[in-house]
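S.K.: Put chain B on the given structure of chain A with help from the hints.
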Amino acid sequence: GDSVTQMEGPVTLSEEAFLTINCTYTATGYPSLFWYVQYPGEGLQLLLKATKADDKGSNKGFEATYRKETTSFHLEKGSVQVSDSAVYFCALSSDNYGQNFVFGPGTRLSVLP
Amino acid sequence: SQTIHQWPATLVQPVGSPLSLECTVEGTSNPNLYWYRQAAGRGLQLLFYSVGIGQISSEVPQNLSASRPQDRQFILSSKKLLLSDSGFYLCAWSVWSGVGGDRTEAFFGQGTRLTVV
Chain A
70 GDSVTQMEGP VTLSEEAFLT INCTYTATGY PSLFWYVQYP GEGLQLLLKA
120 TKADDKGSNK GFEATYRKET TSFHLEKGSV QVSDSAVYFC ALSSDNYGQN
170 FVFGPGTRLS VLP
Chain B
364 SQTIHQWPAT LVQPVGSPLS LECTVEGTSN PNLYWYRQAA GRGLQLLFYS
414 VGIGQISSEV PQNLSASRPQ DRQFILSSKK LLLSDSGFYL CAWSVWSGVG
464 GDRTEAFFGQ GTRLTVV
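Going down the list, the sequences are from chains A and B. Every letter in the first sequence is one number past the one before it in this note's numbering, and letter 33, counting from 1, is 102. Every letter in the second sequence is one number past the one before it in this note's numbering, and letter 20, counting from 1, is 383.
It should be emphasised that the hints constitute simulated quantities derived from the structure, not laboratory data. Being a predicted model, the structure only gives us computed values, none of them experimental. Treat the hints with care, since some could be wrong.
To be verified - Calculated lysine to any residue pairs in the SDA-like style (CA-CA distance at most 25 angstroms, straight line):
no.: 1; chain 1: A; residue 1: Lys118; chain 2: A; residue 2: Glu145
no.: 2; chain 1: A; residue 1: Lys129; chain 2: B; residue 2: Ser380
no.: 3; chain 1: A; residue 1: Lys137; chain 2: B; residue 2: Ser457
no.: 4; chain 1: A; residue 1: Lys137; chain 2: B; residue 2: Thr467
no.: 5; chain 1: A; residue 1: Lys137; chain 2: B; residue 2: Trp459
no.: 6; chain 1: A; residue 1: Lys118; chain 2: B; residue 2: Pro381
no.: 7; chain 1: A; residue 1: Lys125; chain 2: B; residue 2: Glu468
no.: 8; chain 1: A; residue 1: Lys118; chain 2: B; residue 2: Trp459
no.: 9; chain 1: A; residue 1: Lys146; chain 2: B; residue 2: Gly404
Only chain B is shown next, with the shape it has when bound in the complex:
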């Protein structure tokens, strides 16, 4: 069966420090991968999505970046965190075989609570 791992679960970082959040998926090949952010009491904001290794699409310009070094690994990074980067970060995956083809729902990790102080 497929599983998704996201870590760490919680993180407190000072302003200006770097960030690296990691997400890995098991049990599937060539998934679509997503990073979402959820501010306190708010909805989901899509930050990045990837349809393959090295293919990253950014939805919101900001000081975050994403990379996909392996098929089932998705990393969210920042060189210098801002206070406004605080939030709940969610990684997700899905399978989509193209227009008119098979597609699944999005499967979410347990999230990382990031507090920038």
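With the rest of the complex left out, here is chain A:
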């Protein structure tokens, strides 16, 4: 079945450091890919998405490119802030799953001042 693998962390960075969180997926067909962010005590918020190969999703300085050849959707940010501290989830949806969503285990990011 479909699956998502991501580095689990925790990831600890200093403010203004470069961030990469790796995400790879297994799916048949052409899934849509998502990054969600969860702040403490809250639900998940969509950070960015891409619906086809080579699409780049971007939001709030975060970027991720849908790479079908490597089945990857790595999250990057050039300069993190303390306010970026949260848990980040990579996810996919595909028609094969009746539009269920498959989530990775989440990566906890802590940014230190």
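M.R.: Here is chain B on its own, set in the frame of chain A:
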């Protein structure tokens, strides 16, 4: 615009007591609805999803059940809570118009923190 309401925000219940969590969606029709559970420090576990009124699919057998009495209402229930039912419960919705059709991301509620004591 679409919104999702989930309540209560926090709940402390004794072992063996019943549970009812409610989720409603506004601003869309015939959404797919989902219940997820997140144990402390863990990822998301899909519990139930529904593609229409009265249509419930269970992903994990356990002492929880779900119902969809109206198009935009999704209820998570239990007759007798266990300690292991503690966690953060998230309701979500999406739109999917079928294979090859329009589809959206999942939109999440703010969650219910359930502690079974």
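S.K.: Below or equal to 25 angstroms on CA atoms is what counts here, so check Lys146 of chain A against Gly404 of chain B.
M.R.: Holds: Lys146 of chain A and Gly404 of chain B sit about 24 angstroms apart, inside 25 angstroms.
S.K.: What's the verdict on Lys129 of chain A and Ser380 of chain B, does the C-alpha distance respect the 25 angstroms limit or exceed it?
M.R.: violated (44 angstroms)
S.K.: What's the verdict on Lys137 of chain A and Trp459 of chain B, does the C-alpha distance respect the 25 angstroms limit or exceed it?
M.R.: Satisfied, since the Cα-Cα distance of roughly 22 angstroms is no more than 25 angstroms.
S.K.: Checking one constraint from the list: CA of Lys118 of chain A to CA of Glu145 of chain A, max 25 angstroms. Satisfied?
M.R.: Holds - the C-alpha atoms of Glu145 of chain A and Lys118 of chain A are around 13 angstroms apart, at most 25 angstroms.
S.K.: Take the C-alpha atoms of Lys118 of chain A and Trp459 of chain B, compute the straight-line distance between them, and say whether it is at most 25 angstroms.
M.R.: Distance of about 16 angstroms is within 25 angstroms: holds.
S.K.: Holds or violated: are the alpha carbons of Lys118 of chain A and Pro381 of chain B at most 25 angstroms from each other?
M.R.: violated (38 angstroms)
S.K.: What's the verdict on Lys125 of chain A and Glu468 of chain B, does the C-alpha distance respect the 25 angstroms limit or exceed it?
M.R.: With Cα atoms ~16 angstroms apart, Lys125 of chain A and Glu468 of chain B stay inside 25 angstroms; holds.
S.K.: Take the C-alpha atoms of Lys137 of chain A and Ser457 of chain B, compute the straight-line distance between them, and say whether it is at most 25 angstroms.
M.R.: holds (24 angstroms)
S.K.: Could you grab the alpha-carbon distance between Lys137 of chain A and Thr467 of chain B and see if it respects the 25 angstroms cut-off?
M.R.: Given pair Lys137 of chain A, Thr467 of chain B holds - Cα atoms ~20 angstroms apart, limit 25 angstroms.
Violation of the numbered hints given earlier is confined to hints 2 and 6; the remaining hints are satisfied by the structure.
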